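Chemist: Chain by chain, the residues:
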Amino acid sequence: MTQFASITLMQNDDARPIIDAILADNPGVRILSMPGAVKLDCDSRLTVSRASVEERLGRPWSLQEIQLVLVSMAGNLEEDDDLFTLSWHK
Amino acid sequence: MTAKKLSLKQRYEFLTRDLDWEPSYQPVDSIFPYDQFEGIKIKDWSGWEDPFRLTMDSYWKFQAEKERKLYAVIDAFAQNNGQTGISDGRYINVLKLFLTAISPAEYQAHRAFAFTGRHLRGAGTRVACQMQSIDELRHIQTQIHTISHYNKFFDGMSEFPIQHDRVFYLSVPKSFFDDARSAGPFEFMIAIGFAFEYLLTNLLFVPFMSGAAYNGDMSTVTFGFSAQSDESRHMTLGIEVIKFLLEQHPDNLPIVQRWVDKWFWRGFRLLGVVAAMMDYMLPKKVMSWKEAWDIYFVEAGGALFKDLARYGLKMPKYANVATEACEHISHQNWGLFYQLCHVAGFHAWMPDAEHMDWLSEKYPNTFDKYYRPRFEMWAKQEKEGKRFYFNGLPQLCSCCQLPMLYTEPGDPTKTCFRNSTFKGTRYHFCSDGCKDIFDNEPEKYVQSWLPVNQIFQGNCGGATVPEVLDWYKINVGVDNCDYVGSPDETLWKSWMEQRFSEAG
Numbered sequence: 001m002t003q004f005a006s007i008t009l010m011q012n013d014d015a016r017p018i019i020d021a022i023l024a025d026n027p028g029v030r031i032l033s034m035p036g037a038v039k040l041d042c043d044s045r046l047t048v049s050r051a052s053v054e055e056r057l058g059r060p061w062s063l064q065e066i067q068l069v070l071v072s073m074a075g076n077l078e079e080d081d082d083l084f085t086l087s088w089h090k
Numbered sequence: 001m002t003a004k005k006l007s008l009k010q011r012y013e014f015l016t017r018d019l020d021w022e023p024s025y026q027p028v029d030s031i032f033p034y035d036q037f038e039g040i041k042i043k044d045w046s047g048w049e050d051p052f053r054l055t056m057d058s059y060w061k062f063q064a065e066k067e068r069k070l071y072a073v074i075d076a077f078a079q080n081n082g083q084t085g086i087s088d089g090r091y092i093n094v095l096k097l098f099l100t101a102i103s104p105a106e107y108q109a110h111r112a113f114a115f116t117g118r119h120l121r122g123a124g125t126r127v128a129c130q131m132q133s134i135d136e137l138r139h140i141q142t143q144i145h146t147i148s149h150y151n152k153f154f155d156g157m158s159e160f161p162i163q164h165d166r167v168f169y170l171s172v173p174k175s176f177f178d179d180a181r182s183a184g185p186f187e188f189m190i191a192i193g194f195a196f197e198y199l200l201t202n203l204l205f206v207p208f209m210s211g212a213a214y215n216g217d218m219s220t221v222t223f224g225f226s227a228q229s230d231e232s233r234h235m236t237l238g239i240e241v242i243k244f245l246l247e248q249h250p251d252n253l254p255i256v257q258r259w260v261d262k263w264f265w266r267g268f269r270l271l272g273v274v275a276a277m278m279d280y281m282l283p284k285k286v287m288s289w290k291e292a293w294d295i296y297f298v299e300a301g302g303a304l305f306k307d308l309a310r311y312g313l314k315m316p317k318y319a320n321v322a323t324e325a326c327e328h329i330s331h332q333n334w335g336l337f338y339q340l341c342h343v344a345g346f347h348a349w350m351p352d353a354e355h356m357d358w359l360s361e362k363y364p365n366t367f368d369k370y371y372r373p374r375f376e377m378w379a380k381q382e383k384e385g386k387r388f389y390f391n392g393l394p395q396l397c398s399c400c401q402l403p404m405l406y407t408e409p410g411d412p413t414k415t416c417f418r419n420s421t422f423k424g425t426r427y428h429f430c431s432d433g434c435k436d437i438f439d440n441e442p443e444k445y446v447q448s449w450l451p452v453n454q455i456f457q458g459n460c461g462g463a464t465v466p467e468v469l470d471w472y473k474i475n476v477g478v479d480n481c482d483y484v485g486s487p488d489e490t491l492w493k494s495w496m497e498q499r500f501s502e503a504g
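Line by line, the protein sequences give chains A and B.
The opening position of the first sequence corresponds to residue 1 in the working numbering, with each subsequent residue numbered one higher.
The opening position of the second sequence corresponds to residue 1 in the working numbering, with each subsequent residue numbered one higher.
If you are wondering where the hints come from, they were derived from the structure by calculation, not from laboratory data.
All values derive from a computational prediction rather than experimental measurement.
Glycine included, C-beta positions come from ideal geometry on N, C-alpha and C.
Any given hint could be a false lead.
To be verified - Facing chain B, from chain A, some residues (calculated, C-beta under 10 Å): (1) L32; (2) T47; (3) A51; (4) E55; (5) R56; (6) L57; (7) W61; (8) S62; (9) L68; (10) L70; (11) V71; (12) E79; (13) D80.
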């Protein structure tokens, strides 16, 4: 079975640029849309890039702001100033 | 010249580990007296790091922002009479179960993380536990605030703290947290941090809260997702703690495996209540319990345990039994609620034809064969004016405290009974999973406060059902029995009629 690295975000205006950035930066993302929330799954590794979100948002954005719209996630988390990565060991 | 901004890693270093100190006038072991007796060996506490690297200053900033957003929604919901816009009056019963069963568990978690944070000697762990403790307090407060609006209109919510301590089915979540809190700090972290938060709470807070959104309950979905945004941090604490324990010493593996087996099974039993809420109590459905289980346990749990296999950790012992039971558990629990809601603080009902067809579609292997005939018989009896209630006291499992109603693995026509004898007394269990837990620590579980046994011993207000219900603070004829004919139903119908009348 595929080991999905996964992130679930709220479906609202604050989360939309983050969702768009994830879809652009992680080819092959599987989308499960639920009322109020969206679950994004990617084979073994999924990243959120600060630069990519800032480009869509048009303002400086800290990766920690993701906490305001984060619902759930799966995978080992590694976070620094530029990248939020969820991954499973192969 | 302005100082250069610190990186996330530097800030975490300064504001977490750097705030720690070496004690000089007390030995470390006497400051932390509880982190040795469980047999867990820690060589280097500095191996612990919170991958979110959240520091207290950022924590307050983000939590304040979450609260501002949440309270704006709660206020708007109340101002705009949001309660009249939910999908159906039946829906409110999920909130009654939530407030009486789950919210007090948040408070238990708050106290337990405060205690655990105090008693683990690593600075990183202490800070993470402190944040989680404050989160859990926020969760119960926001849940009470949100649901208090519904309490102005609907029955069954006003006595939730007393009911949590007394009512028979609420001893299931209460004993779950009592068990975790009376364990050592490492077992508590595996029980709640790993098994509950990481492996199982998605099932409660994601599809169920999405269900609240779908049923027009804007205020509940908002507290649900607001809580869940903390939960992601809790999940991270859970996965970090298990990796940390397994990396520290090979002797930790068998201890951790036993805790994982135990708390997986306890959590599975507890969440059977949520299974019934999802499949039967949401008028508009998002997904079935079985579908949620497949996504959040089979798929996500599978990926997690494949990752942890490098430490030698295996899937929980009864994972396959649980997955098979997922085809049955919501139907069995709903059958229980239906038969016993005359002694409960919420309403139950028989699903209508359309709802039964949905269940047939979602449970093609089990619903039509084992549960539809029983439910159609009860619906028929109800039509004939002979609504069925079970007028006895069920035997309870001495571990999970649920009535002994579950069936044998592989044979859904036979009730599962197990027992063990300890110091000349026989104890009964609903499953092999529960029996194993008792057999590992009988001295602990013989002290269980089993509600039915307590009624028989005369400790619950009296010997008759009305006396017990009075002690439970259940308002008879209002809070209990079928939804059909309840004051809640009358109120809901009057609101529906008003939808077509003129304002003012």
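Chemist: The structure should be examined with respect to each hint, and the outcome stated for every one.
Modeler: Here is what the structure says about each hint:
Among the interface hints, the one on L32(A) holds; its C-beta lies about 8 Å from the nearest C-beta in chain B, closer than the 10 Å criterion. At about 14 Å, the closest approach between the beta carbon of T47(A) and any beta carbon in chain B exceeds 10 Å, and the interface hint on this residue is violated. A distance limit of 10 Å between C-beta atoms decides the matter here; for A51(A) the minimum to chain B is near 15 Å, and the interface restraint is violated. Against a cut-off of 10 Å between C-beta atoms, the interface hint on E55(A) is violated, since the closest Cβ of chain B lies about 20 Å away.
The beta carbon of R56(A) comes no nearer than 20 Å to any beta carbon in chain B, farther than 10 Å, and the hint placing it at the interface is violated. Interface restraint check: L57(A) against chain B, minimum CB-CB distance 16 Å, threshold 10 Å, status violated. Of the supplied interface hints, the one on W61(A) is violated, with its beta-carbon coming no nearer than about 13 Å to a beta-carbon of chain B, more than 10 Å. Interface hint status for S62(A): upheld, as the beta-carbon distance to the closest one in chain B is roughly 9 Å, under 10 Å.
At about 6 Å, the closest approach between the beta carbon of L68(A) and any beta carbon in chain B falls short of 10 Å, and the interface hint on this residue holds. Because the beta carbon of L70(A) sits about 5 Å from the nearest beta carbon in chain B, less than 10 Å, this interface hint is met. Satisfaction of the interface hint for V71(A) is found here, the shortest Cβ-Cβ separation to chain B being roughly 5 Å, below the 10 Å cut-off. About 6 Å separates the beta-carbon of E79(A) from the nearest beta-carbon of chain B, less than 10 Å, and the hint is met.
Because the beta carbon of D80(A) sits about 6 Å from the nearest beta carbon in chain B, less than 10 Å, this interface hint is met.
The structure is inconsistent with the numbered hints 2, 3, 4, 5, 6, 7, although it conforms to all the rest.
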